[in-house]
Amino acid sequence: MAAPVDSVGKPTAERSPFNSTSFQKKTRSKLISIPGTRPSVQNGQLLVSTGVTSLDYLLGGGLAVGTVLLIEEDRYDSYSRMILKYFLAEGVVCRHELFVAAAQDNPDDILQELPAPILDDVAIHKPVDQPRLSCEPQDSLDAMKIAWRYQNLPKVQSALASTSRFGHYYDVSKTMEPEIRQAAKCHRFYLPEHPTQTSSYSALLKSLQEVIHREGFDVPRSRNILRVGLHSLGSALWGDDLSCHDNPRHSHALTTFLYGLRALLRSSLSVAVVTVPSHLIQDRALMGSITRLCDNAIALESFKGSERETNPLYKDYHGLLHVHQVPHLNCLANQLPDHKDLAFKLKRKQFTIEGFWFECSHVGATKNKHSSAMSAKEDNGPSPSPLID
Amino acid sequence: MLSELLQGTDSGGFLIIQDSSSCTGRHLLKSFINAALNREEAIHVLGFEVSEEELGEGLTTSAHQRLRFHNAYTDPLGWTDNLAFTVHQFGLEELTHLVKQTSHPKPVTLVIDSLSWILRHVSPPVVCKTLQQLKRGGAVRAIIGLLHADMHQTGTVGSICHLATSVITVAPGMKGDEAVAKITKRSKSGKVTQDEEIFSIKEDLTVIIQSKPSHLEHKQADPEEQQTDPTANLTFNLRLSDTERKAKEKLALPFMFSKEKKTALLHSGQGSGRILYEPDANDDFDQEDPDDDLDV
Chain P
1 MAAPVDSVGK
11 PTAERSPFNS
21 TSFQKKTRSK
31 LISIPGTRPS
41 VQNGQLLVST
51 GVTSLDYLLG
61 GGLAVGTVLL
71 IEEDRYDSYS
81 RMILKYFLAE
91 GVVCRHELFV
101 AAAQDNPDDI
111 LQELPAPILD
121 DVAIHKPVDQ
131 PRLSCEPQDS
141 LDAMKIAWRY
151 QNLPKVQSAL
161 ASTSRFGHYY
171 DVSKTMEPEI
181 RQAAKCHRFY
191 LPEHPTQTSS
201 YSALLKSLQE
211 VIHREGFDVP
221 RSRNILRVGL
231 HSLGSALWGD
241 DLSCHDNPRH
251 SHALTTFLYG
261 LRALLRSSLS
271 VAVVTVPSHL
281 IQDRALMGSI
291 TRLCDNAIAL
301 ESFKGSERET
311 NPLYKDYHGL
321 LHVHQVPHLN
331 CLANQLPDHK
341 DLAFKLKRKQ
351 FTIEGFWFEC
361 SHVGATKNKH
371 SSAMSAKEDN
381 GPSPSPLID
Chain F
1 MLSELLQGTD
11 SGGFLIIQDS
21 SSCTGRHLLK
31 SFINAALNRE
41 EAIHVLGFEV
51 SEEELGEGLT
61 TSAHQRLRFH
71 NAYTDPLGWT
81 DNLAFTVHQF
91 GLEELTHLVK
101 QTSHPKPVTL
111 VIDSLSWILR
121 HVSPPVVCKT
131 LQQLKRGGAV
141 RAIIGLLHAD
151 MHQTGTVGSI
161 CHLATSVITV
171 APGMKGDEAV
181 AKITKRSKSG
191 KVTQDEEIFS
201 IKEDLTVIIQ
211 SKPSHLEHKQ
221 ADPEEQQTDP
231 TANLTFNLRL
241 SDTERKAKEK
251 LALPFMFSKE
261 KKTALLHSGQ
271 GSGRILYEPD
281 ANDDFDQEDP
291 DDDLDV
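Here the protein sequences come in this chain order: P and F.
Residue 1 is where the first sequence starts when you use the UniProt record's numbering, and the numbers rise one by one after that.
Residue 1 is where the second sequence starts when you use the UniProt record's numbering, and the numbers rise one by one after that.
Rather than coming from a laboratory, the hints here were simulated on the basis of the structure.
Glycine is no exception: its CB is placed at the ideal position from the N, C-alpha and C atoms.
Hints are not guaranteed to be accurate.
[What the hints assert, rightly or not] No more than 30 Å apart at the CA atoms, straight line, and that leaves these computed lysine-lysine pairs for DSS-like: (1) P:304 - F:175; (2) F:212 - F:182; (3) P:145 - F:250; (4) F:212 - P:304; (5) F:135 - P:206.
[Unchecked claim] Pairwise CB distance ranges, derived in the manner of DEER restraints: (6) P:171 - F:54: 53 to 63 Å; (7) P:171 - F:8: 31 to 41 Å; (8) F:187 - P:174: 16 to 26 Å; (9) F:172 - P:311: 20 to 30 Å; (10) F:80 - P:263: 45 to 55 Å; (11) F:172 - P:313: 28 to 38 Å; (12) P:171 - F:187: 15 to 25 Å; (13) P:183 - F:171: 46 to 56 Å; (14) F:261 - P:313: 51 to 61 Å; (15) P:308 - F:7: 28 to 38 Å; (16) F:194 - P:313: 13 to 23 Å; (17) P:339 - F:97: 56 to 66 Å.
[As the list claims (entries may be wrong)] A few chain P residues facing chain F, derived, Cβ under 7 Å: (18) 78; (19) 236; (20) 241; (21) 243; (22) 244; (23) 280; (24) 282.
Please model the complete structure; the sequences and the hints are all you need to start from.
Shown next as structure tokens:
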């Protein structure tokens, strides 16, 4: 049998010495094996992770390379910014290249706020919140009290070099180490540094095209992916009056940009996440055409500041997530999520998105002390089974 | 939260007081100016809507002298050739030049009365850009602006407030001289806090904050009632005291060996046990052919 094409030229760095199995899939397919990507089980498209595993599931396994994800911002731009940071952090961990553009904050500030990835270790039995009573030195041999037979086994996936994993988890309370961040190549576009007479969007598009061409992402034999993060397009700081006036004068500026962006992405190995402050854009038809021009579209609605914040129905969650569009790439129908009412919660180590069921016992809850005590006892399991872990 | 804001915005802060025709926010703006002047800060006011005398009512004379008022009231569009401040001078370079002229060592707080006037004559994206540049730049430490929310489209008000670090929306209160302030504050870490307070302003421009509105208190009582502790009403005890925890740590579990035995077991574990298997004729068990009578 002829030797498979891939294994001959396989770079040694990809085979982590800590693999628990030496099995290598012999494949002669034309799929390029780029770290951090995997083919979709539905239509064979190359997918990348958005950094949020729940969102990957919603989008059908991940974000397809060459597509645009539109995130409609929540009112105070807290959660949409968080998802953008997850996306960029995932790019750093998978060793992709990054392109960050912003008009309000310096891209360097956004890059410094990226969350730290959680590295997988073998579970070490460590009593976290109890005081250490044993006074013997805690060296690595005594680290495990009960599972000590497994101490000498190599740790699985402890280094970031194991990029064979798809989708990582991040700890929001810590920022990424500067060494890890600087290992990734980042291209920046900060609008105040590019004072142009022409539209700022065309300057951005030109800059992106130049980066793609210079780094060789549009060449057929390219081996890496460019992750493009565009923050708050359509806001007034981009020189656009879409969000200021009900009838904007240059309503085509953003739509032409998105059209050009999608053309650029389809012809290169890149993927983009765009956030738009849709709560400021009053023209619904314009918002609809912006949604159509992007492949995936989700909208975040945070409970902060609305009357829903104190509603007991929503007390476990931080906001609602609406999926406005899912693409069908190279196939006839698309995979919509089973459940249409989705709510999200930002926990320290995970951004969870769950289907949300309305419990009948909560409706009509009176402020009577007696009945509220009763409903508290029935309240053991209001959280529905999540869509994924 | 209103009192915290009155005590001074931190640097780079942009505060907006949003009012409407039913309740004016200028008195609150004057209270902010008064509080800042009492702290001996350098204040520059761009006055478009009211004259200097009217703005200075209620301020003590010494405070009034320390206030730098840029007169944009008499001739805001520059029709006569006065040396007044015009609305077209609202740009980063000119404002920085204006503010640096006074040669004050302290960083300056810029008060804009009002942003609505500027938005009427300069396009909103340009205003947003200038405000963002002022927020970042070093000449101005903080900006306080008055915005009449009912004079503009929702998108414009939303865009300007999106840039602000704190927004106070003033609405008429129950009694005559009281007003309700809804405050939204965004910290640098992205955390958003909100509050609602009833306040009134005295003659000498000090703000008295009364209790919060009653419907807000009612809502806050509810969520606390529903959180019951599941370990509270049980017939058995689920918690550990300190002595109990120490005893638990000391307990010798059946497979907890001493350190020497552990190392002995760990290091000898390689290659000592091997399984030797010689396949037997009876072991040739084919799942699909249990009777072994297929003619293969």
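Now for the hints, and whether the structure bears them out:
no. : hint                      : result
1   : P:304 - F:175             : holds (29 Å)
2   : F:212 - F:182             : holds (10 Å)
3   : P:145 - F:250             : holds (12 Å)
4   : F:212 - P:304             : holds (19 Å)
5   : F:135 - P:206             : holds (28 Å)
6   : P:171 - F:54: 53 to 63 Å  : holds (55 Å)
7   : P:171 - F:8: 31 to 41 Å   : holds (34 Å)
8   : F:187 - P:174: 16 to 26 Å : holds (18 Å)
9   : F:172 - P:311: 20 to 30 Å : holds (27 Å)
10  : F:80 - P:263: 45 to 55 Å  : holds (54 Å)
11  : F:172 - P:313: 28 to 38 Å : holds (32 Å)
12  : P:171 - F:187: 15 to 25 Å : holds (20 Å)
13  : P:183 - F:171: 46 to 56 Å : holds (52 Å)
14  : F:261 - P:313: 51 to 61 Å : holds (57 Å)
15  : P:308 - F:7: 28 to 38 Å   : holds (32 Å)
16  : F:194 - P:313: 13 to 23 Å : holds (20 Å)
17  : P:339 - F:97: 56 to 66 Å  : holds (58 Å)
18  : 78                        : holds (5 Å)
19  : 236                       : holds (4 Å)
20  : 241                       : holds (6 Å)
21  : 243                       : holds (5 Å)
22  : 244                       : holds (4 Å)
23  : 280                       : holds (4 Å)
24  : 282                       : holds (5 Å)
Every hint from the earlier list agrees with this structure, and none is contradicted.
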